[in-house]
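Colleague: Next come the chains, spelled out residue by residue.
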Amino acid sequence: GAVVSQHPSRVICKSGTSVKIECRSLDFQATTMFWYRQFPKQSLMLMATSNEGSKATYEQGVEKDKFLINHASLTLSTLTVTSAHPEDSSFYICSARKGTLNTEAFFGQGTRLTVV
Amino acid sequence: DQQVKQNSPSLSVQEGRISILNCDYTNSMFDYFLWYKKYPAEGPTFLISISSIKDKNEDGRFTVFLNKSAKHLSLHIVPSQPGDSAVYFCAASAGRGSARQLTFGSGTQLTVLP
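Listed in order, the protein sequences are those of chains A and B.
When the count follows this note's numbering, it moves up by one through the first sequence with no breaks and lands on 102 for the last residue.
When the count follows this note's numbering, it moves up by one through the second sequence with no breaks and lands on 167 for the last residue.
Quick caveat, the hints were computed from the structure, so don't treat them as lab data.
Model, not experiment: these values are computed from the prediction.
Treat the hints with care, as some may be off.
[To be verified] Heads up, simulated BS3-like pairs for lysine-lysine below, C-alpha to C-alpha not over 25 Å straight-line: (1) A:84 with B:91; (2) A:84 with B:107; (3) A:41 with A:0; (4) B:90 with B:121; (5) B:58 with A:27; (6) B:109 with B:91; (7) B:107 with A:6; (8) B:109 with A:27; (9) A:0 with A:84; (10) B:109 with B:90; (11) A:27 with B:90; (12) B:109 with B:58; (13) A:6 with B:124; (14) A:27 with B:107; (15) B:107 with B:121.
[Unchecked claim] Coverage of chain B stretches by chain A, computed from C-beta distances (three or more under 8 Å per stretch; other residues unrestricted): (16) 62 to 69; (17) 118 to 131.
Glycine residues also receive a C-beta, built at the ideal position from the N, C-alpha and C atoms.
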């Protein structure tokens, strides 16, 4: 199977600071990567879809200026939570897809963000 | 508006018995369905999938059934093992090319009792 690595797995930051989360596809090229957020005991909510070399497509209700996504290469996408607030505390998960025809997505390990 | 629904937040099953996890969807454009397994503080791992042109797909202990007319799918695990205890997410996909996205249900916590 394909491997997607997400880093860091846990991060605690102070309110008002920014945090960057990296998502890497280790053994395949991911033309499309997805960023999800999961609240406790709830589903994975898609935040944005990122295609290599182009701007991310954000879901309704997701602030693009707050959640900056960069997909600079076929193996790396980053999510930066800017000016973090306690309500941004959540579990963030990325996934990557091989090519455009394959529906199966491979997920990173997730990042537990706590804003204090 | 939840397009993919898992109405049972939890399910307990005795080891060796069958686990049946259910999922309903409302969007008739969905043409591919997947089941993922997730442990706490980890990302989901892919289990099994089914295309809308099929009604059954089997892989070892896991079988997924799709009833398109009822917009319902289910995951059967038999025999259930304690290591199967996890949250199971149903996901559905529609769209073409890079627009294909996964829409997830809210998950069902499966507990397999030894």
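Colleague: Does each hint fit the structure? Answer for all of them.
Modeller: Here is what the structure says about each hint:
Note on residue 84 of chain A and residue 91 of chain B: the hinted pairing holds, with a Cα-Cα distance of about 21 Å set against a maximum of 25 Å. Between residue 84 of chain A and residue 107 of chain B the alpha-carbon distance is near 23 Å, which keeps this suggested pair within the 25 Å criterion. With a CA separation close to 28 Å, the supplied pair residue 41 of chain A and residue 0 of chain A exceeds the 25 Å bound. Under the criterion of a C-alpha separation no larger than 25 Å, the hint pairing residue 90 of chain B with residue 121 of chain B is consistent with the structure, at around 23 Å.
For the hint pairing residue 58 of chain B with residue 27 of chain A, the CA-to-CA distance comes to about 14 Å; that is within 25 Å, so the pair holds. With a C-alpha separation of about 23 Å, the suggested pairing of residue 109 of chain B with residue 91 of chain B holds against the 25 Å cut-off. With a C-alpha separation of about 42 Å, the suggested pairing of residue 107 of chain B with residue 6 of chain A is violated against the 25 Å cut-off. About 29 Å separates the Cα atoms of residue 109 of chain B and residue 27 of chain A, which puts this hinted pair outside 25 Å; it is violated.
Among the hinted pairs, residue 0 of chain A with residue 84 of chain A is inconsistent with the structure: their alpha-carbon atoms are about 36 Å apart, more than 25 Å. Restraint check for residue 109 of chain B and residue 90 of chain B: satisfied, since their Cα atoms lie roughly 19 Å apart, inside the 25 Å limit. Of the supplied pair hints, the one linking residue 27 of chain A and residue 90 of chain B holds, its CA atoms being roughly 14 Å apart against a limit of 25 Å. Restraint check for residue 109 of chain B and residue 58 of chain B: the C-alpha separation of about 20 Å stays at or below 25 Å, so the hint holds.
A distance of roughly 39 Å separates the Cα atoms of residue 6 of chain A and residue 124 of chain B; the hinted pair therefore is violated under the 25 Å criterion. Proximity of residue 27 of chain A to residue 107 of chain B is assessed by CA-CA distance (about 31 Å); at most 25 Å being required, the pair is judged violated. Simply put, residue 107 of chain B and residue 121 of chain B have alpha-carbon atoms about 9 Å apart, close enough for the 25 Å limit, and the pair holds. Evaluation of the coverage hint for the segment 62 to 69 of chain B: breached, as 1 residues show C-beta separations to chain A shorter than 8 Å, against a requirement of three.
Coverage of a stretch by a chain is defined here by at least three residues with a beta carbon nearer than 8 Å to that chain's beta carbons; for the segment 118 to 131 of chain B and chain A the count is 0, and the condition is violated.
Checked against the numbered hints given earlier, this structure breaks hints 3, 7, 8, 9, 13, 14, 16, 17; the rest are met.
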